[in-house]
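> Using the sequences and the accompanying hints, generate a full structural model.
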Amino acid sequence: MARNKEETKSRILQAVGKLLAESGFSSLGINAIAREAGVDKVLIYRYFTDLPTLLQTFGQQGNYLTSNTAPPEFDKFESLPELLSHALIYFQKELRDRPITQEIILWDLLEDNELTKELIDVREKTRVARTKFFYDKFDIPADQDITALMTILGCGMTYLVLRSKNKPTYAGLDFSTEDGWQRLELIISKIIHAVVVDAPLKKVNTTKKNRSDTTS
Amino acid sequence: MARDREETKIRIVAAIGRQLARAGFRDLGVNSIAKEAGVDKVLIYRYFGGLPELLAAYAREGNYWPTSAELIGDPTTVKAESVADWLVYILTKVQMAIRQRPITQEILRWEIVDHNELTKEFAAIRTRVAMECLVFINQQYPFPPELDTLALCTIILSGIVYITLRTETNPYYLGMDFSDPTNWDRINKLVTAIIYQATNCNMPESVLQSIDRRGNFYGSQ
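Just so you know, the sequences run in chain order A and B. Sequential numbering from 0 applies to the first sequence in numbering that gives the first Met the number 0. Sequential numbering from 0 applies to the second sequence in numbering that gives the first Met the number 0.
One thing to keep in mind: the hints can contain errors.
[As the list claims (entries may be wrong)] As a list, the in silico SDA-like pairs of lysine to any residue whose alpha-carbon atoms are at most 20 angstroms apart:
1) 116(A) to 165(B)
2) 164(A) to 120(B)
3) 119(B) to 189(A)
4) 166(A) to 175(B)
5) 116(A) to 169(B)
6) 124(A) to 165(B)
7) 131(A) to 185(B)
8) 189(A) to 112(B)
9) 189(A) to 175(B)
10) 202(A) to 139(A)
11) 164(A) to 121(B)
12) 166(A) to 109(B)
13) 166(A) to 113(B)
14) 164(A) to 143(B)
15) 189(A) to 143(B)
16) 124(A) to 175(B)
17) 75(A) to 161(A)
18) 166(A) to 115(B)
19) 189(A) to 142(B)
20) 119(B) to 105(A)
21) 166(A) to 114(B)
[As the list claims (entries may be wrong)] Label-pair restraints from in silico Cβ distances:
22) 119(B) to 5(A): 44 to 54 angstroms
23) 30(B) to 175(A): 46 to 56 angstroms
24) 135(B) to 175(A): 20 to 30 angstroms
25) 135(B) to 78(A): 32 to 42 angstroms
26) 78(B) to 178(A): 36 to 46 angstroms
27) 134(B) to 166(A): 14 to 24 angstroms
By construction, these hints were calculated from the structure, which means they are not laboratory data. It should be emphasised that the depicted structure is a prediction, and the values quoted were computed from it without experimental measurement. Cβ coordinates follow ideal geometry from the N, Cα and C atoms, glycine included.
What follows is the structure, encoded as structure tokens:
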């Protein structure tokens, strides 16, 4: 019985992803989700309360983003520019590996309603938590604008991932092969090393402590 | 009669831009364009053949994207003495062109999700303009051989485009509120620092007044 419940929940969450990818937020409703998942809609209300809560739950699980905070592998970096470069490449791969997330992010550009907000909020919180991780780990000078840096490069990455689904080339860069992405990774690393001054590590125990805070 | 026909054609083509800006690409079709232009849709088929041909006609007009001549301006009056000076100068103009033109933004959105006569032509125009500008700059001041200038411009411009489109529906990104111009200012200072540092160019006095060479962006104002 308990296993059935988990199975049903996961079927419902999968149906949410499929419907969002196909037709976006404006036509998403409990009835359509129930039909797609092949379950009675009463179960959706029982397990997830309502549509906004269901979307939040969908946003928290791995089909949407790998983790809501900085992934564990970020821990091993001891140089700030190295960590930032890695974080952006990680982010790019995470998005490229998740076609449903790509579709959903696309809808953010086209629609603005209560439901798009739920998933935008999940991503915004993830970004803020991942950025906070940099500040918890390193003593970053106040005048080093890591936020603006990660915004322009992260947005650039996002745009190129989304756009490459339909159009493999951008100016002279070819994103249908690894070559285009490779050039992008190299320039990102170059940019970060050019403008980010390495910062000292904070004491290990403070890092650990703050890191667990960010999961709240 | 011939004059009427040309006039009607112009009216129909012009209706596309208005329709894109107001209702967006998802509602764009022969019916909505005919309504916006105030003509019978039969005329659209008669004069253009159909929606693809009509989009192609609109695409050829091309005034949703600046030309390289507009971007470069009069080189004798531009105060640019290095690769970085030129790149920052032109990227700033491109950014303004995107942020100030709702029609352009809508075509950019459309381009991400769809392939059609207009988005294809739009991509071709942007690539051509970008190449003309880069060739021009390279003639004035050669690009550093070890730098992938094309990739540099691509990531920066992509970032600008995405921030513009994305903050149109929700102004927040990484805690920054992009309806507040000071946050665009932060992005622009950072982009300026990136360009000068990546190309290894000296920042002119005017730039050094707001950012420093090590990449201190907003603290040193």
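> Please go over all the hints and tell whether each is borne out by the structure.
To see whether the hints hold, each was checked on the structure:
Proposed proximity of residue 116(A) and residue 165(B) is supported: the alpha carbons are some 12 angstroms apart, at most 20 angstroms. Taking the CA atoms of residue 164(A) and residue 120(B), the gap is about 18 angstroms. The hint holds against a cut of 20 angstroms. As the CA atoms of residue 119(B) and residue 189(A) are separated by approximately 31 angstroms, the hinted pair breaks the 20 angstroms bound. A distance of roughly 30 angstroms separates the Cα atoms of residue 166(A) and residue 175(B); the hinted pair therefore is violated under the 20 angstroms criterion.
The straight-line distance between the Cα atoms of residue 116(A) and residue 169(B) is roughly 8 angstroms, inside the 20 angstroms bound, and the hint therefore holds. Using a Cα cut-off of 20 angstroms, the hinted pair residue 124(A) and residue 165(B) holds, with the two alpha carbons roughly 16 angstroms apart. Distance restraint check for residue 131(A) and residue 185(B): the Cα-Cα separation of roughly 19 angstroms lies within the 20 angstroms cut-off, and the hinted pair is therefore satisfied. A C-alpha spacing of about 31 angstroms is found between residue 189(A) and residue 112(B), which places the hinted pair above 20 angstroms, so the restraint is violated.
The suggested pairing of residue 189(A) with residue 175(B) is violated, with an alpha-carbon distance near 25 angstroms, which exceeds 20 angstroms. Among the hinted pairs, residue 202(A) with residue 139(A) is consistent with the structure: their alpha-carbon atoms are about 13 angstroms apart, no more than 20 angstroms. Annotation: proposed proximity of residue 164(A) to residue 121(B) holds, straight-line Cα distance about 17 angstroms (limit 20 angstroms). Between the alpha carbons of residue 166(A) and residue 109(B) the distance comes to roughly 12 angstroms, so the proposed pair stays at or under 20 angstroms and holds.
The hinted pair formed by residue 166(A) and residue 113(B) meets the criterion: a straight-line CA distance of about 9 angstroms does not exceed 20 angstroms. Between residue 164(A) and residue 143(B) the CA atoms are separated by roughly 32 angstroms; this puts the pair beyond 20 angstroms, and the hint is violated. Distance restraint check for residue 189(A) and residue 143(B): the Cα-Cα separation of roughly 13 angstroms lies within the 20 angstroms cut-off, and the hinted pair is therefore satisfied. A C-alpha spacing of about 12 angstroms is found between residue 124(A) and residue 175(B), which places the hinted pair at or below 20 angstroms, so the restraint holds.
Among the hinted pairs, residue 75(A) with residue 161(A) is inconsistent with the structure: their alpha-carbon atoms are about 30 angstroms apart, more than 20 angstroms. Of the supplied pair hints, the one linking residue 166(A) and residue 115(B) holds, its CA atoms being roughly 11 angstroms apart against a limit of 20 angstroms. A hinted pair counts as satisfied when its Cα atoms are at most 20 angstroms apart, and residue 189(A) with residue 142(B) qualifies at roughly 15 angstroms. This hinted pair checks out: residue 119(B) and residue 105(A) have alpha carbons roughly 19 angstroms apart, not beyond 20 angstroms.
As the CA atoms of residue 166(A) and residue 114(B) are separated by approximately 8 angstroms, the hinted pair is consistent with the 20 angstroms bound. Checked against the hint of 44 to 54 angstroms, the pair residue 119(B) and residue 5(A) passes, with Cβ atoms roughly 47 angstroms apart. A C-beta distance of roughly 36 angstroms is found between residue 30(B) and residue 175(A), which places it outside the suggested range of 46 to 56 angstroms. Between residue 135(B) and residue 175(A), the C-beta spacing of about 29 angstroms keeps the proposed range 20 to 30 angstroms intact.
Between residue 135(B) and residue 78(A) the CB atoms are about 38 angstroms apart, so this pair conforms to the stated range of 32 to 42 angstroms. The hinted range of 36 to 46 angstroms is satisfied by residue 78(B) and residue 178(A), whose Cβ atoms lie roughly 37 angstroms apart. Distance hint check for residue 134(B) and residue 166(A): the Cβ-Cβ separation is about 23 angstroms, which falls inside the suggested range of 14 to 24 angstroms.
Consistency note: the structure conflicts with the earlier hints numbered 3, 4, 8, 9, 14, 17, 23.
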